[in-house]
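Colleague: These protein sequence lines are chains A and B, in that order. Take any residue in the first sequence, note its place counting from 1, add 885, and you have its number in our numbering. Take any residue in the second sequence, note its place counting from 1, add 381, and you have its number in our numbering.
Warning: the hint list may mix true and false statements.
Below 25 Å or equal to it, Euclidean Cα-Cα: the simulated PhoX-like pairs (lysine-lysine) are [stated by the list, open to error]:
no.	chain 1	residue 1	chain 2	residue 2
1	A	929	B	461
2	A	1172	A	1435
3	B	461	A	1343
4	A	1343	A	1435
Hints listed in this document are in silico derivations from the structure and should not be mistaken for laboratory results. These numbers come from a predicted model, not from an experiment.
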Amino acid sequence: MILANMVAAVELQSTGRLISLSAPDLIIIVAYFAMVLGIGFYLKRYATTSDDFFMAGRDMTAWVAGLSFLSANLGALELMGWAAAAYQYGILATHFYWIAAFPSMVFLGLVMMPFYYASNTHSVPGYLQLRYGEATRTLSGISFAVMTVLMSGINMYAMALVMQLVLGWNFHFSIWVSSLTVAIYVTLGGLYSAIFNEVLQFFLIWFGALSIPILGMIEAGGWNGLVAKIHERVQGDYVHLWAPMSTFSGNPMGVHWTGIVFGLGGVIAFGYWTTDFLVVQRAMAAKDLRSARLAPIIASYFKMLVPAIVILPGLLGIAVLPFKLVPANTVGMGLHSYNEVLPLMLARYCGPGLLGLGVTALIAGFMSGMAGNVSAFATVWTYDIYQPHIYKHGSDKHYLLVGRWCTILGVIASIGTAYLVTHFRSIMDYMQALVSFFIAPLGATVIIGMLWKRATPKGGFWGLLAGTLSSVGMYAVVTIHPDALRYVALSAQAKPIADDLYRALWSCIICIVVTVGVSLFTEPKPIAELKNLVMGHLSATDEEAVPLYKRPIFWAVGVAVLFATLQIVFW
Amino acid sequence: MEDNNSTLHVHRAHHEMLPVWFFIGCLLLFYGLVILFVGIREFHHPPAVVLAGYHASLWGGIFLTVFGGGFTIHFSPRRKRKENQGASDQPKR
């Protein structure tokens, strides 16, 4: 029925679509939907306990957990948003893949994962309950649940928008087909299903999008040809990472290097990659501590390579498209927005078949993000809100059932959010604002809790609350009085993206100051209660006799070398 | 269900399920064959895309067929059963 409706929707394409699909393309898309649903039905038999459903039986290998860790992050923003950002800001957008990923992912693997894993908790709010108490868990659980539903709604909205713009599919139909598919396969197989499909989607995203950079570089004449063409077409430095960042006005993004290093790489990235349960849940599902530590490090290698299929198409769009793209709010007749650069490039190079694979890659990216949010939402809602506050002494089967219902409710809430997002100014700003509201202070709270045994339950709670409220407050002030941006970002020349970075930085600083200040005047937890929760009191270890090349530190050094090399090459 | 590190038992199921790589192999093999067929057809009906002369569909189809086929064979349940059978048939030392 769903597939029949999909075909009917294709037949109802509007005249403004960018791409026309042929029979092979439709076969490829239909096969994808059949496979993800088939995996869901196959895995239902294995999701028989709450640990199976919420933690995938803690049975995943490092590779599966690692690819799933990354794939859960390859949502709407990654594929469409950052290709658009690359067209708008040039190679500077790559900072969001490199400095915003490698240090924090490696830190998670080497330093933080032993605490998450050894504490035997089911979630990041669960860790906060053990470390700081119930109040902090509830605050972070509720804020996380709100954030995941909003994020999921963004994914849905973006996917429906893409299907409408690119293929001419009905906006509402796209939302309902994708969300029902995700609801079915996650409800059936839980985290097993989400992880399996995320790894599948990882391959589809890569193979579907890879034809654009390969053919694009051939057309542009290699990297030197690409740079020459960009210089012919636009003013400003679009091809260097750090050289133009000594001033706010010297680069298209309007950000100073301090904002990138401290705001993005130091606060937002650490907050997101180390405490966002959406991604951390995948690593926690690993079969042992060494696999759990390796998972984010393996993911960091592929994260470093993602710009090849996201940023490079944006740069190629500047160089080879015969027309200029414009901001979404100025699109008129015959004009295309930045957000359309990826599908435009896909249509430029891919004939039938490859085009279907590329469109499937987009759908897979959107659905993996949505599934990741929904499965994490179900876990946090069940373990951190429902179980401690609504029904404490249920059976395992009861919580398994609650998890399945939460998945469905999460999808319904996401659909509602998707319709709300249609009135928001842009996907990217919305996502960044959300991240700085919740993630930046949460990251500070968790990291302080792991590294400083003197941090108290009251310090953790008030620090997290102060950081979150200050971030919302700064956002509200700048929205009402745009001139206030000069105070938040420390420059009158700062652009909105700098606002997000500096707001995250300030909210993190406020969180740290309040946490430390309150902790110094309140009673800390006894040392006996901090076992496996704080540095210096960790009993778990993965230092068994394995060869050097199997150790997390070995791979962490490798990715550090890769990171340093890329910074120097594109400096 | 309690998040209490002194009482919580971590359940490790170690289910004997089909590996995810097998599903990936099957889907990519199918995609490879479809795209390879399209790629061969494009010699007579070239698509209206830039760089059509490079026959991206043909090369993409070959790559996906080989990659997907390799995964499908390597991770097929039949092969695993044979391996397990071979191991159990060997005399124990």
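Colleague: Taking the earlier hints as the rules, which of them does this structure contradict?
Modeller: Going through the list in order, the structure violates hints 3, 4 and respects the others.
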